[in-house]
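Peer 1: Sequence:
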Amino acid sequence: MEQKIITRFAPSPTGFIHVGNLRTALYAYLWAKKNKGTFILRIEDTDKAREVEGSIDHIMKSLKWLGVNWDEGPDIGGPNAPYLQSQRLESYKKYAQILIEKGLAYPDPYTEEEIDGFREKAELEKKAFLFREHRPITFGVWDGTRPLRFKVGDIKSYHWHDEVYGDLSAGPEALDDFILIKSDGYPTYNFAHVIDDLEMGVTHVMRGQEFISSVPKYLSLYDGLGIKPPLFATLPPIMGKDGNKKLGKRDGAKDVLEYEREGYLPGAMMNFLALLGWNPGDDKEIFTKDELINIFDISRIGHSGAQWNDDKLDWINKEYIKKLENEELENKIFEWLPEELKIKKLVPVIAERISKFGDIKKMITEGELDFFYKQPEYSKEKLIFKNTTPEKTSLNLKEAITALQKIDEKDFSFENVKITLMQIADGLPSRGELLHPVRYALSGLDKSPDPFVIAMILGKNETLSRLQKAI
RNA sequence: GGCCCUAUCGUCUAACGGUUAGGACAUCGGCUUUUCAAGCCGGUAAUCCGGGUUCGAUUCCCGGUAGGGUCACCA
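As numbered in our numbering, the first sequence has no gaps in its residue numbers, which increase by one up to the final residue, 581.
Some hints could be false.
Said to hold, decoys possible - Only pairs whose alpha carbons sit at most 27 Å apart, straight line, appear in this in silico DSS-like list of lysine-lysine: (1) Lys-466 <-> Lys-351; (2) Lys-212 <-> Lys-174; (3) Lys-261 <-> Lys-338; (4) Lys-171 <-> Lys-338; (5) Lys-432 <-> Lys-394; (6) Lys-292 <-> Lys-171; (7) Lys-399 <-> Lys-484; (8) Lys-557 <-> Lys-452; (9) Lys-292 <-> Lys-261; (10) Lys-570 <-> Lys-520; (11) Lys-502 <-> Lys-394; (12) Lys-471 <-> Lys-442; (13) Lys-452 <-> Lys-399; (14) Lys-508 <-> Lys-520; (15) Lys-466 <-> Lys-428; (16) Lys-557 <-> Lys-484; (17) Lys-508 <-> Lys-492; (18) Lys-237 <-> Lys-292; (19) Lys-428 <-> Lys-359; (20) Lys-432 <-> Lys-557; (21) Lys-454 <-> Lys-472; (22) Lys-146 <-> Lys-203; (23) Lys-355 <-> Lys-236; (24) Lys-144 <-> Lys-114; (25) Lys-442 <-> Lys-557; (26) Lys-212 <-> Lys-146; (27) Lys-394 <-> Lys-466; (28) Lys-502 <-> Lys-490; (29) Lys-261 <-> Lys-237.
Treat the hints as calculated values from the structure; they're not laboratory data.
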């Protein structure tokens, strides 16, 4: 029988998880679901100094919004509960004890100042700082008040396989006596995640490429513990939109819930995130969540960093808006509209003009929609098309009114208005001589939807009255 | 500085050594009912450089260069 695939996402509650980290969660989720496996949410709250109140809820809300649902986690429990590292201290102590007994862990005898001194010296000599070069000859007894360090057994080069990057290796410089348990009793990430992954049966560790250089450390710990490491799948970095820097909160990496507030669809965000560093191998770019789960494959994750691209995200989101069923589209758009603009006929006009629902807010503040519910104000001069005269314009408009008058109110559709107006316009030297003043009289805007749509939405009476007024 | 990773249009990327180097976003031009949007059609645009290996390198190897990561009692 095949081994069950178990993946996890393990954020620390130090604020919101930005969109870059969220991709890691997504890939781990997709891989688990594709293999009918388990996706675990584990909270790495071992740094009490950096912990931000409310983060855990915020993180869970973010994942839920995106549609990344966990099978085991702090809120729903699971066979390996608890899923908060701060509640798993006994486990770490147990394994720390094992390492101490093997002679592979020892209390750090130095003060922080002394270590800073070592570090500065290394920097001055342009060398990497290695604690093991200062390893004490004899180890004291660990009383829990000193940091507990791991003693690297074999100082050697490590070679390992990564599911994404292939065969990797690093020299002995990558190995060091890192801290297992801090002086406050909490484990470090380096230690805790290894123990948790072991106890939770995690088969694939997916994480950002910033952890590659630490892998030899983990490998040496697995060796010391005498356990087989899980498979590693390292993800390429996501770069910020302007620089080549890794995407971080400083350079604009946003909270996903910020995108929710801007009116992006979660499916579109998932789609976009999936494509940032992964591709299906063909030209398809728009996927439903199920399609993504079905087609996702670790082997097609790229190796190089991808730049965040809002344009592409907007395009994908628009594709998602186009796919929305009428009723859902209407509901979504109405959420952003004031009462007087909740006009059914307006929905398609707005829909084709936005790439995210937040754009509606902009349309409203810039007055682009006002004319749909109130008589616009405009200048007389602009009513006249290019070289025509006021007299000619008003003559054309009168002809239009007469023709439109003949359409029955209930037949005042886009098509009928268009046929009627076009018939007159085609008889003129330039169609604009009629179409421009009509459009302008109805909207009062330099840029607006076409006159037929506007007329259809306003209805026969309002349309005629505005044209009359223009004359 | 040590160690590590990466390198195809502006951006995301495709191309199990043999392609007119493909697609998408963006951009530019045209068309479609005057403006805007949408849509359709079309254009511009890339294998970082230098050596090998090979009949043949975007592809494999080496070296440069450039970018990124890491060297915490952070994860």
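Peer 1: All hints, please: hold or fail.
Peer 2: Hint check results:
For the given pair, Lys-466 sits about 19 Å from Lys-351 by alpha-carbon distance, which is consistent with the 27 Å threshold. About 43 Å separates the Cα atoms of Lys-212 and Lys-174, which puts this hinted pair outside 27 Å; it is violated. A threshold of 27 Å between alpha carbons decides the hint, and for Lys-261 with Lys-338 the separation of about 18 Å falls inside it, so the pair holds. Restraint check: the Cα-Cα separation between Lys-171 and Lys-338 comes to about 34 Å, which exceeds 27 Å; the hinted pair is violated.
Restraint check: the Cα-Cα separation between Lys-432 and Lys-394 comes to about 17 Å, which is no more than 27 Å; the hinted pair holds. The straight-line distance between the Cα atoms of Lys-292 and Lys-171 is roughly 30 Å, outside the 27 Å bound, and the hint therefore fails. Proximity of Lys-399 to Lys-484 is assessed by CA-CA distance (about 42 Å); at most 27 Å being required, the pair is judged violated. Proposed proximity of Lys-557 and Lys-452 is supported: the alpha carbons are some 21 Å apart, at most 27 Å.
For the given pair, Lys-292 sits about 15 Å from Lys-261 by alpha-carbon distance, which is consistent with the 27 Å threshold. Note on Lys-570 and Lys-520: the hinted pairing holds, with a Cα-Cα distance of about 9 Å set against a maximum of 27 Å. The hinted pair formed by Lys-502 and Lys-394 fails the criterion: a straight-line CA distance of about 53 Å is larger than 27 Å. As the CA atoms of Lys-471 and Lys-442 are separated by approximately 13 Å, the hinted pair is consistent with the 27 Å bound.
Between Lys-452 and Lys-399, the direct Cα distance comes to roughly 31 Å. Violation of the 27 Å bound is thereby established for this hinted pair. Distance hint between Lys-508 and Lys-520 is fulfilled; the C-alpha atoms sit about 22 Å from each other, no more than 27 Å. Proposed proximity of Lys-466 and Lys-428 is supported: the alpha carbons are some 7 Å apart, at most 27 Å. Restraint check for Lys-557 and Lys-484: satisfied, since their Cα atoms lie roughly 17 Å apart, inside the 27 Å limit.
Restraint check for Lys-508 and Lys-492: the C-alpha separation of about 18 Å stays at or below 27 Å, so the hint holds. With a C-alpha separation of about 25 Å, the suggested pairing of Lys-237 with Lys-292 holds against the 27 Å cut-off. A C-alpha spacing of about 26 Å is found between Lys-428 and Lys-359, which places the hinted pair at or below 27 Å, so the restraint holds. Between Lys-432 and Lys-557 the CA atoms are separated by roughly 23 Å; this keeps the pair inside 27 Å, and the hint holds.
Among the hinted pairs, Lys-454 with Lys-472 is consistent with the structure: their alpha-carbon atoms are about 20 Å apart, no more than 27 Å. Annotation: proposed proximity of Lys-146 to Lys-203 is violated, straight-line Cα distance about 33 Å (limit 27 Å). A threshold of 27 Å between alpha carbons decides the hint, and for Lys-355 with Lys-236 the separation of about 24 Å falls inside it, so the pair holds. The hinted pair formed by Lys-144 and Lys-114 meets the criterion: a straight-line CA distance of about 11 Å does not exceed 27 Å.
Restraint check for Lys-442 and Lys-557: satisfied, since their Cα atoms lie roughly 25 Å apart, inside the 27 Å limit. Among the hinted pairs, Lys-212 with Lys-146 is inconsistent with the structure: their alpha-carbon atoms are about 39 Å apart, more than 27 Å. As the CA atoms of Lys-394 and Lys-466 are separated by approximately 22 Å, the hinted pair is consistent with the 27 Å bound. Distance restraint check for Lys-502 and Lys-490: the Cα-Cα separation of roughly 14 Å lies within the 27 Å cut-off, and the hinted pair is therefore satisfied.
The suggested pairing of Lys-261 with Lys-237 holds, with an alpha-carbon distance near 21 Å, which does not exceed 27 Å.
Consistency note: the structure conflicts with the earlier hints numbered 2, 4, 6, 7, 11, 13, 22, 26.
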